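In this note's numbering, the protein residues as written are 19 to 193.
Think of the hints as simulated: they come from the structure by calculation, not from any bench.
Here the structure is a predicted model, which means the values were calculated and not measured.
You can trust all of the hints, since none of them are fake.
Quick list of simulated restraints, FRET-style, between CB atoms:
hint	residue 1	residue 2	range
1	R92	E119	20 to 26 angstroms
2	P100	N151	30 to 36 angstroms
3	D189	A165	15 to 21 angstroms
Backbone N, C-alpha and C define an ideal beta-carbon position, used for all residues, glycine too.
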Amino acid sequence: MRTACALLAAALLGACATPRPPGQPGEGPWTSGRISVRIEASAMQAVQGLSASFELRGDGASGELRLISPLGSRLAAARWAPGLAVLDSPQGRQRYATLDELSSQTLGEALPLAALPAWLSGRPWPGATHTVNDAGFEQLGWRVLLARRAEGLIEARRDAPPAVQVRVRLDNEAP
19 MRTACALLAA ALLGACATPR PPGQPGEGPW TSGRISVRIE ASAMQAVQGL SASFELRGDG
79 ASGELRLISP LGSRLAAARW APGLAVLDSP QGRQRYATLD ELSSQTLGEA LPLAALPAWL
139 SGRPWPGATH TVNDAGFEQL GWRVLLARRA EGLIEARRDA PPAVQVRVRL DNEAP
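Model the full structure from these sequences, guided by the hints.
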């Protein structure tokens, strides 16, 4: 479950990758950094959290993600494209129709993965209304904090139960 939680959170970072040319899903340079995910306890599960290094290329529509342990070994890998999301972990390979289904099945709830690439690029997702504030903006029940984005630090928080916090530190500044 921890591996799936971290993979899901890292999948949220699709917007940090350099855009790929049309017709070449998941190709292009890798974006790397560290990710921390914390999901507060709920009636269905205990607090969950994980921190790992990641390598990512692609975007919210298609791409590839690798999670790496502090010792440099691969913990898990995910690949996604329209109509399919695949999670490879020590527990085996699991296939899902979408990243939202992957998040729902692995975490017990769906997260707004379609919106996250825009959020991590520092802008609201065009598919829903938003409110701008001094720290960033709010959309779909999440606060996207961009105050330290120039330093490669990005944070997204959802306060509705179970509360979720995703923190990212990029190895290189966000585009």
